[in-house]
Amino acid sequence: MMDAGTPTGVAVEATAASDVALVRLAAAVESVLFVAGGPVPARRLAEVTGASPEDVERAVAVLHARLADSGLLVQAVAGGYQLGTRPEHADVVRRFLQTEHRERLSRGALEVLAIIAYRQPCTRGDIEQLRGARSDWHIDRLLERQLIRAVGRREALGRPVLFGTTDLFLRYFGLRDLRDLPPLGDRGVQALLDTLG
Amino acid sequence: MREVPEPAGVSEAQGDARPPEPDPDGGPFGRSTATPYTVKVPGFEGPLDLLLTLAHRGDVDLSAIPLADLARDLLERTKRRLDLPEATEALWMLAALVEMKAKLLLPKPPPAEPLPEPETADLPAQLEAQMAEYRAFREAAEALRALEEVQQRIFLRPPQDPGPADLPLVGLSLDELFRAFAAVLERARRNQAAEVVTEPIRVVDRMAAILQAVRRAPEGITFDELFPEQVTTVMIVVTFLALLELIRERKVRAEQDGPLAPIRVRAVAA
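These protein sequence lines map, in sequence, to chains H and S.
If you're matching positions, the first sequence starts at -2 in this note's numbering and goes up one per residue.
If you're matching positions, the second sequence starts at 115 in this note's numbering and goes up one per residue.
To be clear, the hints were calculated from the coordinates, so they are not data collected in a lab.
Every residue, glycine too, gets a C-beta built ideally from N, C-alpha and C.
Don't take each hint at face value.
Unchecked claim - Simulated DEER-style distance windows between Cβ atoms: (1) 86(H) x 371(S): 30 to 36 Å; (2) 175(H) x 213(S): 32 to 38 Å; (3) 347(S) x 142(H): 27 to 33 Å; (4) 76(H) x 190(S): 45 to 51 Å; (5) 347(S) x 45(H): 45 to 51 Å; (6) 122(H) x 212(S): 18 to 24 Å; (7) 41(H) x 330(S): 41 to 47 Å; (8) 326(S) x 76(H): 22 to 28 Å; (9) 189(S) x 148(H): 35 to 41 Å; (10) 94(H) x 315(S): 39 to 45 Å; (11) 118(H) x 326(S): 19 to 25 Å.
Said to hold, decoys possible - Now the stretches of chain H that chain S is said to cover, found in silico as 3 or more residues with beta-carbon under 8 Å: (12) 22 to 28; (13) 51 to 62; (14) 145 to 151; (15) 156 to 166.
One chain only, chain H, in its complex shape (with noise of 0.2 Å):
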């Protein structure tokens, strides 16, 4: 995963770096990444900058590869780039803005997420059959954490709400889109955590 900012599709070419004007535009995409401070699309950076979104993503590229060695990094996240620090030097980060480990999402409310985010949109009761527990608790948690949403109701008895995932919940996992998550059963997971390590 800690390469999912090399986007698809672009071959970082040995030309690039050679190319004076990719390395120009390269550049400016980081200055644009640096103020955001969140995922912005390839779509707006080509319109900043006045390049083709076929060079935006071949100079995103560029820059991923400048920044290897960098305490930053360029990651495809939520339909957009973003520019964040390294998790390596999470530790020494975390001590200088003195913050605490941040609050992770408990077991339960994971299980349910994954149930969601799989399977949207899905009612409640979908969620409750699949793991065969109450899951109000752990809905809730998750609609004000803005991880889910209602996405609207399903047109049957009752007309039970329809949960979808969010915006937020991409940046939460750092997923490009709803297709970046793994394939579910047992090979696609196992082969992410392969990755992680």
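Following the hints, position chain S against chain H.
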């Protein structure tokens, strides 16, 4: 850790709902780092959420389990060490158990038309399929946990100049708000003899009253001023809930200049 329960027969053996064996198919991720609330009462010993699950499925006989003991036990534990999210979750689970038990003890209306029975022949197969599906999601949850861990180690640049509306609790932690609440509650306990009124107090009414009071005072009002001098416990609890709700809706802010300074509540400019 949720286990495949015995499909039937366990509930007769009341007072002997053994905590199930660890799931042999739990895989390398079966063990969780989270420490669930474990409880030990006559009839059950194990994590509280397991008890809730088993009770929900009818695999454990709630009428044989003294919930009052359980409540006392949880209360004792929070007195020793208060982990607010953990205690809240436990409280919710306990409430769900009480609700279930209450329903269990009430006389049941005559059963309605029985629903058509599903094909009982493939019931074990159905259960097995459902368990397999559940296990897949449990593994997916572990994968999300791993992603969460990585992402929590990545810091973004905070947005500049957050507006006042982004900081509903200025210089004030939830614990301090909680302590202030406990102090007012103590005041009510001293005046307990006067508590005879049974007027209904609603959160919405208290929310309206707080809003009115803070909007009249441009400098805000102190936390203590939220509560009348002769105050009942119900009034305090409802007022506190109303305050939290207003903070959540970003209609008011609670501020504290420093440790032990009075907490001030102000209206948030619309």
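Right, here's what the structure says about each hint:
Between residue 86(H) and residue 371(S) the beta carbon distance is about 34 Å. The supplied range of 30 to 36 Å therefore holds. Roughly 35 Å separates the CB atoms of residue 175(H) and residue 213(S), a value that falls within the hinted 32 to 38 Å. For residue 347(S) paired with residue 142(H), a C-beta distance near 31 Å keeps the hint of 27 to 33 Å intact. Checked against the given bound of 45 to 51 Å, the beta carbons of residue 76(H) and residue 190(S), roughly 49 Å apart, stay inside it.
About 58 Å separates the C-beta atoms of residue 347(S) and residue 45(H), a value inconsistent with the hinted range of 45 to 51 Å. A hinted range of 18 to 24 Å holds for the C-beta pair residue 122(H) and residue 212(S), which are about 22 Å apart. Between residue 41(H) and residue 330(S) the CB atoms are about 45 Å apart, so this pair conforms to the stated range of 41 to 47 Å. In this structure the hint that residue 326(S) and residue 76(H) lie 22 to 28 Å apart at CB is violated, the actual value being about 44 Å.
Between residue 189(S) and residue 148(H) the C-beta distance comes to about 39 Å, which sits within the given range of 35 to 41 Å. Residue 94(H) and residue 315(S) have their C-beta atoms about 42 Å apart, which keeps the hinted 39 to 45 Å range intact. The given range of 19 to 25 Å is broken by residue 118(H) and residue 326(S), whose C-beta atoms sit roughly 40 Å from each other. Under a criterion of three residues with beta carbons nearer than 8 Å to beta carbons of chain S, the stated coverage of the segment 22 to 28 of chain H fails, only 0 such residues being counted.
Look at the segment 51 to 62 of chain H against chain S: 0 of its residues bring a Cβ nearer than 8 Å to a Cβ of that chain, fewer than three, so the hint is violated. Remark: the segment 145 to 151 of chain H is not confirmed as covered by chain S, as 0 of its residues place a Cβ nearer than 8 Å to a Cβ of that chain, below the required three. Given a C-beta distance limit of less than 8 Å, the hint that chain S covers the segment 156 to 166 of chain H is violated, as 0 residues qualify and 3 are needed.
Taken one by one, the earlier hints fail for this structure at numbers 5, 8, 11, 12, 13, 14, 15, listed in ascending order.
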